[in-house]
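Residue numbers (our numbering), protein chains in the order written: chain A, 2 to 172; chain B, 7 to 204.
Just so you know, the hints here were simulated from the structure itself, not pulled from any lab data. None of these values were measured; they are calculated from a predicted model. Just so you know, not all the hints are guaranteed correct.
Some chain A residues well away from chain B (every beta-carbon gap over 10 Å; in silico) [said to hold, decoys possible]: (1) Ile74; (2) Ile87; (3) Ala89; (4) Ala106; (5) Tyr111; (6) Ala117; (7) Thr120; (8) Val126; (9) Gly128; (10) Thr131; (11) Tyr134; (12) Tyr157; (13) Ile160.
FRET-style restraints, in silico, Cβ to Cβ [said to hold, decoys possible]: (14) A:Asp32 x B:Arg98: 22 to 32 Å; (15) A:Ala16 x B:Asp95: 24 to 34 Å; (16) B:Gly183 x A:Gln19: 18 to 28 Å; (17) A:Gln19 x B:Arg191: 17 to 27 Å; (18) A:Pro13 x B:Arg99: 35 to 45 Å; (19) B:Ser11 x A:Ala139: 55 to 65 Å; (20) B:Glu29 x A:Ala80: 52 to 62 Å; (21) B:Glu29 x A:Ala112: 52 to 62 Å; (22) A:Ala16 x B:His190: 15 to 25 Å; (23) B:Gln25 x A:Tyr134: 46 to 56 Å; (24) B:Thr187 x A:Gln19: 19 to 29 Å; (25) A:Ala142 x B:Arg10: 48 to 58 Å; (26) A:Asp32 x B:Asp95: 22 to 32 Å.
One side of the interface only, derived from the structure: several residues of chain B facing chain A at Cβ under 8 Å [as the list claims (entries may be wrong)]: (27) Gly27; (28) Tyr32; (29) Glu40; (30) Pro42; (31) Phe44; (32) Ser45; (33) Phe48; (34) Glu58; (35) Gln62; (36) Asn70; (37) Ile142; (38) Gly143; (39) His165; (40) Arg193.
Every residue, glycine too, gets a C-beta built ideally from N, C-alpha and C.
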Amino acid sequence: MIEHDFDEEFVPIAAELQRLPYLSPSRDFADRVIARIDRLQPAQVVPVSASRHLELHQGGHQAVARRRPVGLIRATGRATVGVALIAAAAFMFFEIDVLTAILSAAVAQYAFTIAAVGTQIGALVLGTETIAYLQAGAAQAALLYLVLAAGLITGYAGIRTAAQIAKRKAA
Amino acid sequence: MPARSYTDVSDQQVVVFAQEGREDAYRELITRYERPVFSLIFRMVRDKETAEDLSQETFIKVLNNIDRYRPEFKFSSWLFKIANNITIDHLRRRQVDTISIEGSPNAITAESARATAITVTSGGESPLEELESREIGAEIEKAIAKLRPEYRACIILRHVEDYSYDEIAEIVKLPLGTVKTYIHRARQELRQYLGDLR
Numbered sequence: 002m003i004e005h006d007f008d009e010e011f012v013p014i015a016a017e018l019q020r021l022p023y024l025s026p027s028r029d030f031a032d033r034v035i036a037r038i039d040r041l042q043p044a045q046v047v048p049v050s051a052s053r054h055l056e057l058h059q060g061g062h063q064a065v066a067r068r069r070p071v072g073l074i075r076a077t078g079r080a081t082v083g084v085a086l087i088a089a090a091a092f093m094f095f096e097i098d099v100l101t102a103i104l105s106a107a108v109a110q111y112a113f114t115i116a117a118v119g120t121q122i123g124a125l126v127l128g129t130e131t132i133a134y135l136q137a138g139a140a141q142a143a144l145l146y147l148v149l150a151a152g153l154i155t156g157y158a159g160i161r162t163a164a165q166i167a168k169r170k171a172a
Numbered sequence: 007m008p009a010r011s012y013t014d015v016s017d018q019q020v021v022v023f024a025q026e027g028r029e030d031a032y033r034e035l036i037t038r039y040e041r042p043v044f045s046l047i048f049r050m051v052r053d054k055e056t057a058e059d060l061s062q063e064t065f066i067k068v069l070n071n072i073d074r075y076r077p078e079f080k081f082s083s084w085l086f087k088i089a090n091n092i093t094i095d096h097l098r099r100r101q102v103d104t105i106s107i108e109g110s111p112n113a114i115t116a117e118s119a120r121a122t123a124i125t126v127t128s129g130g131e132s133p134l135e136e137l138e139s140r141e142i143g144a145e146i147e148k149a150i151a152k153l154r155p156e157y158r159a160c161i162i163l164r165h166v167e168d169y170s171y172d173e174i175a176e177i178v179k180l181p182l183g184t185v186k187t188y189i190h191r192a193r194q195e196l197r198q199y200l201g202d203l204r
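Input sequences plus hints: build the corresponding full structure.
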């Protein structure tokens with residue numbers, strides 16, 4: 002006999018209650034639930050206007066175009082100041098003549114323009130593939146040239162200082 | 007992440023997998039409990055669309071808060087507790103008491119009544135037994151529908167889901183004595199409504 006906590010009159014009803022079938026929700030029930038589980042959803046995409054970097058990645062030409070004139074003026078100003086400082090240092094320490102200084106400043110100022118024109122001419126003469134190959138190693142080459150230039154300048158300054166000291170002692 | 011079989015895996019273990027963010031574990035929990043939860047809610051609200059909405063709300067709430075599950079309790083008890091809370095809140099907002107299992111009381115046309123009718127899972131009986139069973143089942147459903155919602159939840163959890171009084175008290179957040187009283191009164195009322203079954 003089944004143990005229960007109700008009187009005998011309720012036994013057939015209890016049996017029928019136990020036989021009550023489960024009812025089914027619609028077939029896409031699980032999908033609809035899963036679609037609303039936060040941690041299973043892909044991360045929300047940040048609105049384009051909220052991130053300037055994202056704008057750039059997604060080709061936000063308007064944002065770049067707006068900023069370009071300010072950036073260009075600022076870069077030109079910095080380049081000019083940089084060249085002036087280098088020229089002043091050159092005059093003071095190495096007694097470089099004015100013409101050389103002006104030429105150096107001009108080269109530094111228009112280095113990018115010269116590089117761009119040079120690339121175009123090079124592309125015409127050597128072909129775009131060759132230029133691309135050369136450009137791939139441009140950063141390393143630039144670094145190498147800078148190290149070499151720094152070495153030359155330091156060596157030259159050392160020699161001149163030693164010569165001046167020797168002159169003073171001789172005097 | 008490849009889907010795995012959860013055939014012999016306990017609810018607690020499936021929950022652990024769900025806490026790790028495995029979608030197949032979430033689906034397994036839904037598969038295990040969508041019918042019991044939907045059945046309980048339907049028998050309380052007597053409307054298929056509402057029962058579906060409330061069941062969905064229950065699962066979303068449970069699964070979005072799966073990290074808060076405390077393994078010392080049965081997962082099903084926690085799930086039924088939330089289902090009961092959501093349903094009782096709904097019933098407090100809107101009193102819905104009468105409906106036939108054949109379709110929503112809000113259905114205006116025969117077509118909409120069919121659309122809102124419930125899919126009952128067959129127990130594999132012969133056609134005659136099934137018909138008889140369905141007739142008795144329909145009588146029981148009608149009798150349950152006449153009970154107060156609080157009685158309905160308690161009697162279903164006791165006799166359909168086979169929970170102990172203590173577990174029911176935990177699920178419906180009522181004192182043990184109140185639960186016993188509700189179940190006793192529900193039985194008396196069901197006996198009155200279903201005199202022929204005796």
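Hint check results:
1. Ile74: 51 Å, holds
2. Ile87: 58 Å, holds
3. Ala89: 63 Å, holds
4. Ala106: At about 61 Å from chain B, alanine 106 (chain A) clears the 10 Å cut-off, so the statement holds.
5. Tyr111: 57 Å, holds
6. Ala117: 50 Å, holds
7. Thr120: It holds; threonine 120 (chain A) is separated from chain B by about 49 Å at its closest Cβ, greater than 10 Å.
8. Val126: Holds, because the least Cβ-Cβ distance between valine 126 (chain A) and chain B comes to about 56 Å, which exceeds 10 Å.
9. Gly128: Given a closest Cβ separation of 49 Å, the condition holds.
10. Thr131: About 48 Å separates threonine 131 (chain A) from the closest Cβ of chain B, which puts it past 10 Å; holds.
11. Tyr134: 43 Å, holds
12. Tyr157: Per Cβ check, tyrosine 157 (chain A) is outside 10 Å of chain B; nearest 65 Å; holds.
13. Ile160: Label holds. Min Cβ-Cβ 68 Å, cutoff 10 Å.
14. A:Asp32 x B:Arg98: 22 to 32 Å: This hint holds: roughly 30 Å between Cβ atoms.
15. A:Ala16 x B:Asp95: 24 to 34 Å: Since the Cβ atoms of alanine 16 (chain A) and aspartate 95 (chain B) sit about 32 Å apart, the hinted range of 24 to 34 Å holds.
16. B:Gly183 x A:Gln19: 18 to 28 Å: 25 Å, holds
17. A:Gln19 x B:Arg191: 17 to 27 Å: Holds - the Cβ-Cβ distance for glutamine 19 (chain A) and arginine 191 (chain B), about 20 Å, lies within 17 to 27 Å.
18. A:Pro13 x B:Arg99: 35 to 45 Å: This hint holds: roughly 36 Å between Cβ atoms.
19. B:Ser11 x A:Ala139: 55 to 65 Å: This hint holds: roughly 57 Å between Cβ atoms.
20. B:Glu29 x A:Ala80: 52 to 62 Å: 56 Å, holds
21. B:Glu29 x A:Ala112: 52 to 62 Å: 56 Å, holds
22. A:Ala16 x B:His190: 15 to 25 Å: Given about 18 Å between the Cβ atoms, the range holds.
23. B:Gln25 x A:Tyr134: 46 to 56 Å: 53 Å, holds
24. B:Thr187 x A:Gln19: 19 to 29 Å: Because 22 Å falls inside the window, the suggested range holds.
25. A:Ala142 x B:Arg10: 48 to 58 Å: 55 Å, holds
26. A:Asp32 x B:Asp95: 22 to 32 Å: Holds - the Cβ-Cβ distance for aspartate 32 (chain A) and aspartate 95 (chain B), about 25 Å, lies within 22 to 32 Å.
27. Gly27: 6 Å, holds
28. Tyr32: Hint on tyrosine 32 (chain B): holds, closest Cβ of chain A at ~6 Å, below 8 Å.
29. Glu40: 6 Å, holds
30. Pro42: 6 Å, holds
31. Phe44: 5 Å, holds
32. Ser45: It holds, given that the least Cβ distance between serine 45 (chain B) and chain A is near 5 Å, below 8 Å.
33. Phe48: With Cβ-Cβ at 5 Å, under 8 Å, it holds.
34. Glu58: 5 Å, holds
35. Gln62: 6 Å, holds
36. Asn70: With a closest approach of 6 Å, the asparagine 70 (chain B) hint holds.
37. Ile142: With Cβ-Cβ at 6 Å, under 8 Å, it holds.
38. Gly143: OK, holds: glycine 143 (chain B) within 8 Å of chain A, min 6 Å.
39. His165: Nearest chain A Cβ about 4 Å off; hint holds.
40. Arg193: 5 Å, holds
Checked against the numbered hints above, the structure violates none of them.
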